[in-house]
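J.: Put together the whole structure using the sequences plus the hints.
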Amino acid sequence: MSDETNKGLLSPLRRKLLMGMAAVPAITMLPRNSFAQTPATSAVNTTGLAVTDTEVTVGILHSATGTMAISETGSIEAEKLAIEQINAAGGVLGRKIKFIQEDGASDWPTFAEKAKKLLVNDKVAAIMGCWTSASRKAVLPVVEQYNGMLYYPTFYEGLEQSKNVIYTGQEATQQILAGLNWIAKEKGAKTFFFIGSDYIWPRTSNKIARKHVENVLKGKVVGEEYYPLGNTQFNSVINKIKLTKPDVIFTDVVGGSNVAFYKQLKAAGIDLAKQPLLTISVTEDEIDGIGGENIAGAYACMKYFQSLDNPNNKAFVPAFKKMWGEKTVIGDVTQAAYLGPWLWKLTVEKAGSFDVDKIAAASPGVEFKGAPEGYVRIHENHHLWSKTRVGRAKLDGQFELIYETADLVEPDPFPKGYQ
Amino acid sequence: MLIGHQPKEFLLAVEGLTVSFDGFKAVNDLSFYVDENEIRVIIGPNGAGKTTVLDLICGKTKATSGSIQFRGKELTRMRENEIVKTGVGRKFQNPSIYDDLTVFENLEISYPRGRSVFGALTFTRDAAVRDRVHEVAEMIFLKDKLNMSADLLSHGQKQWLEIGMLLIQDPDLLMLDEPVAGMSVSERAKTAELLNRIIKNRSVLVIEHDMKFVEDIAHKVTVLHQGQILSEGTMEKVQNDPKVIEVYLGH
Amino acid sequence: MTDNRFVNRSELIGILVLAVFLVVVLPLTLDVFRLNLVAKYLTYAFVALGLVICWGYGGILSLGQGVFFGLGGYCMAMFLKLEASSVENTKIQSTPGIPDFMDWNQITALPFFWKPFHSLTFTIAAIILVPGIFALIIGTAMFKRRVGGTYFAIITQAVAAILTILIVGQQGYTGGINGMTDLRTLKGWDIRPDHAKIVLYFFEVGCLFVCIMIAQFVRHSKLGRILVAMREKEDRVRFSGYSVANFKIFAFCIAAVFAAIGGAMFALNVGFMSPSFVGIVPSIEMVIYTAVGGRLSILGAIYGTLLVNFAKTSLSETFPELWLFGLGGLFIAVVLAFPNGLAGIWGDYVQPRIDRLIVSRKPKPEGWTDSSVADGAPAE
Amino acid sequence: MFGDYSLGDLGSIFVMQGFAGLILFSVYVLMALGLAIIFGQMGVINMAHGEFMILGAYVTWMTSNLFQTYMPGLFGGYFFLAMILAFLASGALGMLVEWALIRHLYKRPLDTLLATWGLSLMLQQAYRSVFGAREVGVELPQWMLGSLQVTSSIEVPINGVFVMGLTVLITIAVAYVMFKSRWGRQVRAVVQNRIMAGAVGINTEKVDRYTFGLGCGIAGVAGSAFTMIGSTGPTSGQLYIVDTFLVVVFGGAASLLGTIASAFSISQTQSTLEFFMSGSMAKVLTLLAVVGILMLRPQGLFALKVRK
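Residue numbers (full-length UniProt numbering), protein chains in the order written: chain A, 1 to 419; chain B, 1 to 251; chain C, 1 to 380; chain D, 1 to 308.
No wet-lab data here; the hints were simulated from the structure.
There could be a bad hint or two in this list.
What the hints assert, rightly or not - A few chain B positions that, by computed beta-carbon distances, are all more than 12 Å from chain C:
id, residue
1, 16
2, 83
3, 182
4, 246
Said to hold, decoys possible - Once the Cα atoms are required to be at most 27 Å apart in a straight line, the calculated DSSO-like pairs of lysine-lysine come out as:
id, chain 1, residue 1, chain 2, residue 2
5, B, 62, C, 144
6, C, 233, B, 143
7, C, 312, A, 123
8, C, 91, A, 123
9, C, 91, A, 163
10, A, 190, A, 163
11, A, 207, C, 91
12, A, 163, C, 144
13, A, 116, C, 312
14, B, 85, C, 233
15, C, 144, D, 206
16, C, 91, B, 85
17, C, 197, B, 73
18, C, 233, B, 60
19, C, 312, A, 80
20, B, 145, C, 144
21, C, 312, A, 98
22, D, 107, C, 233
23, C, 197, A, 123
24, D, 107, B, 60
25, C, 197, A, 116
26, B, 60, C, 144
27, C, 187, A, 116
28, B, 62, C, 233
29, A, 211, C, 144
30, A, 116, C, 40
31, A, 416, C, 91
By construction, the Cβ of each residue, glycine as well, lies at the ideal position given by its N, Cα and C atoms.
T.: Listed below in structure tokens is the structure:
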């Protein structure tokens with residue numbers, strides 16, 4: 001899959017280096033004045049963005065209200081943390097980041113409207129935002145028309161690539177394929193049952209998974225079911241699972257439906273310790289609602305778990321909890337959202353400019369060594385190189401890392417053979 | 001029971017009419033006939049089924065069985081508005097007028113033209129309409145109140161307005177449910193005068209409790225009791241019927 | 001008692017003031033972004049206008065106006081999406097020339113019911129006819145059987161729920177929950193740049209005034225009075241020889257068609273369409289616009305829509321948490337204290353004072369009428 | 001569809017599928033009972049019904065936390081206390097709402113719909129402010145988890161059995177209260193003739209308030225039961241409202257028996273359809289069938305024919 005690997009990265013020397021880097025966000029850096037030369041605003045901002053000699057404005061655009069607020073709160077928190085850490089470390093090109101937060105209210109047109117407001121009225125240099133595919137699809141034409149820069153955190157279905165978007169989450173193949181390979185090998189799985197919420201991301205993901213199961217793993221998909229968003233009755237599909245006895249249940253059920261699904265699964269006597277279940281939609285955030293006892297034993301395929309044992313993450317998790325409370329949990333998307341402001345900062349510094357065109361051009365190749373998930377790099381297609389990891393859910397709501405790909409997986413938003 | 005039998009000579013022929021509400025027969029195998037230009041009064045104790053009979057004729061309630069023929073047309077299978085178009089008009093027990101509209105508009109709405117949706121859209125208030133409204137308003141003593149909002153009328157005036165709304169339809173059969181209930185003595189006298197004027201050239205079916213009033217206007221009286229006819233005939237005959245005396249007048 | 005078929009004097013003034021406000025004041029004071037927002041709000045005003053006739057006058061509360069808004073919007077969006085999905089634009093897909101979401105869902109040929117939407121004429125006809133006929137079917141089934149009031153409200157709500165699930169579920173044909181995004185051109189004319197937004201705004205305002213005039217005509221015709229009469233004493237109307245059901249069906253259909261025009265305007269002005277306007281929540285929100293403006297006032301509905309939406313935008317910008325409290329409180333306050341909304345407050349408190357002022361200043365009302373329309377219009 | 005399965009498999013599937021339908025049926029009945037009382041008996045359209053349910057769910061969640069922290073030994077039994085508390089909390093809120101809002105609107109049923117919708121928005125935001133936007137998970141006592149092994153291939157989830165038992169109990173209790181108790185007679189008297197009921201000495205205001213409170217309280221118990229199978233979040237209640245109203249209307253608004261029959265037919269239809277097609281389409285077809293039948297028979301399954 002990934003021809004280009006980064007073996008050098010894993011050398012002990014580099015590891016030590018990384019450890020040093022990881023401390024950066026957590027430790028307050030030198031006062032701003034110590035940055036001797038702050039480049040002139042006219043030089044770094046030629047397109048009239050909201051950049052002054054001391055400040056640069058970015059937008060945060062998520063749902064603070066409505067049904068999606070549940071999921072997007074974590075992203076807002078992560079982005080604010082990243083901005084605070086960047087400011088504490090001296091800002092971007094000597095300028096403090098100021099953010100304007102807008103509420104997409106779980107309503108796609110509102111997202112488009114607010115994105116337009118941020119770009120046209122507030123002239124923000126970048127937008128950290130969106131969560132669902134639908135909100136991104138609504139915002140995409142706006143950022144393209146007004147030439148903005150969007151950092152989008154969620155793992156998503158792929159089939160998209162834009163000059164104006166950096167996708168800090170995984171596209172579908174990055175998330176799914178390695179996990180399927182692992183479970184097929186580890187559990188000898190041949191038959192799969194797919195259950196998803198009824199919208200584009202689960203359908204596309206399952207389509208890719210099906211092709212992979214049938215063509216690569218030479219297995220069989222014995223069932224594929226979709227339920228409306230918010231559905232809370234899964235007894236029928238659970239009966240079908242019992243009937244077809246698949247080797248693996250593969251799920252991409254989202255939101256509140258998850259709670260009902262896992263509770264009913266458990267109540268129906270399906271023991272996840274014996275019946276392998278691989279989910280690509282449950283992070284630590286969702287387990288908070290599902291309850292660890294209902295999902296313990298399930299495998300999740302992500303790129304980040306809160307329990308990851310690396311120096312970056314060991315600095316990140318306490319910083320996050322310090323800012324947002326001891327009880328908060330950090331899921332995959334929250335971590336990806338945290339990458340947004342950092343990647344933008346690094347790109348601006350690489351380009352030496354806030355201009356969107358220059359950032360878009362400079363993005364490929366930008367590395368972030370302080371990422372809680374490890375090391376990430378932006379690909380030419382504006383997605384991230386990142387690892388795929390499989391974790392097993394524990395009773396306490398955390399995941400135990402079971403498997404990770406040896407190398408970074410190349411993002412492939414338009415996967416050949418999977419369309 | 002002779003369903004389909006058409007006694008041409010009658011304006012209204014009710015035969016074998018039955019309606020039951022959850023097993024309770026409010027009207028039970030009722031038959032009666034009304035002639036052209038006849039004034040028929042229906043009396044009976046409370047719960048005898050008087051109002052239900054009117055409801056059945058005008059289509060407000062659907063009959064369980066039986067037939068109602070008006071000029072040879074079967075009414076039980078028609079919708080209310082079609083029944084109105086064949087020439088049956090009905091006044092309700094409580095004055096049923098449109099409080100939010102003026103007296104003029106109340107009468108205008110009842111004017112028998114532009115009753116379809118597009119007819120109503122293209123309806124114009126021409127001289128014929130105006131003249132007819134003024135004519136009827138004069139008859140019901142409301143000529144000087146045409147532009148008044150109807151909710152400002154007194155109870156008696158509301159009753160007259162509703163009668164006026166029926167008159168403007170010019171029905172062949174006029175059904176009145178307690179037209180003088182709740183009226184003052186002077187209003188009652190005026191109403192009787194009004195009724196005597198408007199019953200010319202049409203048949204009238206009246207429900208009334210006021211015996212004095214009944215005696216004044218009735219050609220023929222039908223006494224209902226428990227959904228069935230107890231007695232029928234002239235006021236005199238009915239009043240002397242021992243069955244009637246027992247259940248009704250005797251009280 | 002005037003016999004004017006469209007407007008009386010005070011209504012004429014009201015309409016002129018609204019026209020000046022929408023055509024002169026707003027375009028001169030707002031930037032294109034805000035003007036485009038107003039255009040979006042005004043698309044709901046079409047729905048509110050329909051609800052005045054259907055709910056305010058006819059007493060039929062539909063909680064499914066989003067269905068018609070959506071049908072109109074989707075018809076328009078289908079046309080625009082087809083134009084945006086030229087082979088040239090979609091060459092990256094495995095099947096070029098079909099909308100992107102179809103390609104994502106392994107559909108390899110344009111479904112038959114999409115094909116007519118290549119034609120703008122057909123699309124315009126469909127925007128009016130599809131919702132109109134749908135409303136006719138629902139209306140006939142319900143009103144002929146005397147289903148009304150709360151039952152009708154609940155059933156329309158269920159219809160909205162069904163259509164939403166259907167649109168979301170059949171994403172290969174409808175774009176699913178994402179809706180139809182990235183609409184670009186209308187007959188080759190780019191609808192996205194600022195100048196296009198301004199043109200579309202004026203076009204929409206023009207359509208709105210056509211609808212206002214139709215509503216005025218209906219209201220001042222005998223049909224308008226029958227609707228009022230029906231709301232009060234349905235049986236009396238029936239026994240005056242009218243088919244109450246037909247009048248209700250008419251009111252419901254006209255509300256549906258207005259809503260559909262609004263939906264089509266939405267697709268044009270906002271550049272996409274999604275199932276989030278079809279469901280129950282938007283449908284009820286549209287009812288509240290009408291209630292705030294005054295369910296009996298044609299112009300009130302438009303001001304109500306603008307006001308609630310301005311409040312929504314500004315409140316949710318500054319205090320997102322307060323917004324739902326505000327909206328909820330507004331519902332309750334309007335229902336409990338001001339059942340006739342802004343128009344009721346205007347009519348009860350403001351109008352009488354203005355009248356008194358005018359009367360005391362100008363003793364001769366005859367001479368006043370003509371000049372004041374010219375003088376009294378707010379100058380820019 | 002059936003070709004791949006053995007006959008024995010099929011048999012047990014039909015049993016389990018029937019059981020899945022029964023659980024759905026219980027859910028519908030629990031949701032609809034409170035609404036049937038409020039809508040059927042009082043004519044009030046309570047769009048905030050779902051939010052009253054969710055209040056019950058939150059109360060259950062708080063109770064379980066309380067037990068976990070202070071009385072872990074008694075955790076197994078917390079659920080019973082939680083249900084009582086849920087009933088009281090939702091009922092009390094219901095009575096407050098009746099006093100502040102509903103009683104002014106008895107003559108305008110459509111306006112109760114709008115006002116209670118406004119109320120539901122405010123409650124949702126209140127939950128979000130108090131409990132946070134995320135869903136909360138209610139931990140169940142151990143004895144409620146798992147399933148009963150009936151035969152080698154038929155398993156019955158325990159919490160499902162519990163929900164069904166609860167449904168039966170609540171239904172019997174409601175039927176008793178409405179049809180056998182003195183208070184139930186008063187409620188029915190007020191429904192049939194408010195003025196007369198007042199004249200014969202029934203305190204109609206009090207009856208209204210308690211009826212509304214009872215309906216909301218049952219919603220609270222339903223919410224409490226839902227924590228066993230569903231999720232608890234600020235907007236979870238909204239998901240149920242359309243289904244619930246359809247159940248009540250389909251059953252014939254004034255009839256408790258109708259509500260039960262309608263819940264049964266809707267749930268069995270949906271769960272049967274779900275076996276043959278995707279969940280989305282099953283839902284669409286079920287709702288379409290209900291709406292279609294309502295168009296043909298607007299009075300619902302069970303309705304009294306009376307002179308209006």
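J.: Out of the numbered hints, which ones does the structure contradict?
T.: Going through the list in order, the structure violates hints 2, 8, 10, 12, 15, 16, 17, 20 and 29 and respects the others.
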